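Taken in sequence, the protein lines are chains B and P. So that you can map any letter, position 12 of the first sequence is 89 in this note's numbering, and since no number is skipped, the others follow by simple counting. So that you can map any letter, position 16 of the second sequence is 239 in this note's numbering, and since no number is skipped, the others follow by simple counting.
Don't take each hint at face value.
Not the full set, but computed from the structure, chain P residues with beta-carbon under 8 Å of chain B [to be verified]:
id, residue
1, Ala-243
2, Pro-267
3, Cys-269
4, Met-271
5, Glu-276
6, Met-280
7, Gly-297
Covered stretches of chain B (chain P as the covering partner; in silico rule of three or more C-beta atoms under 8 Å from a C-beta of chain P) [what the hints assert, rightly or not]:
id, region
8, 112-120
9, 186-193
10, 430-440
11, 458-468
Source of the hints: derived by calculation from the structure; they are not laboratory data. No experiment lies behind these values; they were computed from the predicted model shown. Where a beta carbon is used, it is the ideal one built from N, C-alpha and C, also for glycine.
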Amino acid sequence: MNSDRKPFDVLVVGAGPAGIAAAATAAECGARVGIIDDNPAPGGQIWRGESANRGGEPASWLVKLDHPNIQRLSGTRVFDHPAAHVLHAETAEGFLELSYQKLILATGARERFLPFPGWTLPNVMGAGGLQALVKCGLPIEGKRVVVAGTGPLLLAVASYLRKHGAEIPIICEQASRASLARFGLALLSQPQKIAQGLSLRRDLSGVPFVTQSWPIAAGGDGVIKDVRIRRGRITETIACDYLACGFHLVPNTELPALVGCRLRDGYVEVDNLARTSVADVFCAGEPTGIGGIELSLVEGQIAGATAAGRPEVAQKHARARTKLEAFVRALDRAFALRPELKKVPLPETIVCRCEDVTYARLKPHGSSRSAKLETRCGMGPCQGRVCGPATQFLFHWSPDSVRPPIFPTVLRNLAAMSCREAQHSGAMRGSQ
Amino acid sequence: MPELLTVTVNGRSVAVRAGATVAAAMMIAACDCRKSVSGEPRGPLCGMGICFECRAMIDGIPHRRSCQIVCVSGMEIRTDE
């Protein structure tokens with residue numbers, strides 16, 4: 078337990094690009110920094126499996142975490158915010174209380190999953206999900222992987238899997254060709270992004286990339302064996318070992334919401350210095366808008382400098398940020414979900430995978446709260462992180478309020494949590 | 224060749240490369256991670272510790288998210304069978 082330790086000047090939650098940039102910048106500005114991440118190693122999802130001695134851009138950032146002012150806490154998961162300037166977390170060893178002067182939330186994003194018949198079969202995974210497993214030791218050589226869904230991640234994942242020996246029979250993108258063409262035009266001001274896109278196209282030469290196409294069913298007994306896709310007016314069945322399917326990204330806003338940060342259109346509201354609506358709390362990266370790695374690095378540096386009391390350092394990145402923000406809007410427009418996807422689930426299709434709640438059981442409800450009370454939808458261990466974005470799209474339900482613990486934790490930690498909470502509220506009463 | 228290590232999944236030995244996660248070991252062993260509340264087989268979905276589909280018993284501790292835990296030589300993994 079670190080309750081006896083001195084509070085961190087700056088505590089960063091999330092060790093992806095935004096969090097790393099924030100921690101490094103705050104440390105360079107002289108702050109004593111802690112950086113927490115749920116994953117076994119820093120890097121976030123995009124730099125999963127990279128290391129400081131591998132070279133390239135990821136290494137040039139990861140090495141900055143060796144700064145003597147930075148304490149790393151990997152394998153550490155925040156589950157509560159019991160009082161201002163305090164977080165509760167768990168590790169494999171147990172309960173951890175962390176206190177801080179300034180908090181930077183760099184909690185990243187997750188894939189959006191949409192239900193279709195058969196999507197609960199083993200080996201139907203997120204696009205980023207399958208890539209993460211391959212980075213973490215799953216051999217993919219010689220396997221047939223259909224890549225489907227929407228967003229730039231599909232091409233990156235397909236290219237990665239192919240380099241590792243997978244056969245990619247097809248990539249299905251639900252957006253229209255016209256929409257992608259507009260996206261291409263919107264990128265003309267950003268040569269780096271165009272270069273990335275062209276290099277992916279080269280890596281994927283010979284792989285059919287079809288637009289206005291999406292999975293309508295996965296077939297198989299106990300494990301996926303084929304996927305039916307809609308492609309314009311026709312449907313076709315494609316044999317595969319894996320279906321890697323994700324519908325772009327949604328921000329992880331559970332912790333920002335618990336801390337009390339105001340959200341707008343599902344994203345954490347920040348000003349040009351990365352300040353949220355809560356004093357001493359900053360936010361950087363995907364939770365403020367899905368904008369990719371360059372924007373995350375810039376926002377991380379802004380948040381790190383501001384939190385360390387050096388707004389003039391933060392100001393230097395303002396122009397870069399404004400330029401990259403155009404990409405956020407272009408992404409949102411280009412990969413907006415088409416309404417036909419709402420008609421894909423059948424009545425018996427499971428929507429909430431934790432509690433096995435079907436589409437037919439959810440449809441009569443008018444809100445996520447009502448569905449939660451009647452069907453347990455969203456009450457399983459993922460706490461609606463998977464089904465929430467799906468029901469938001471399918472039924473226009475707004476997310477239910479966030480309550481602690483924001484991740485399931487063992488009873489021992491809950492006991493420690495309520496004991497500490499009693500102390501915090503006691504301390505507040507005592508000071509009045 | 225990367226360094227290999229051995230874990231057991233439901234009592235069977237499985238070789239994985241150093242740094243592999245328990246979720247990868249279960250997939251190599253072709254074992255589903257768990258049975259859902261209605262008895263469906265489930266495997267990993269998100270690969271990043273969000274969805275809880277890959278939870279399994281690791282060294283006697285139940286409900287651990289196998290995609291977030293790196294294999295250690297001799298680790299005993301059990302899935303719902």
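Q) Any hints this thing doesn't respect? Which numbers, in order? A) Going through the list in order, the structure violates hints 6, 7 and respects the others.
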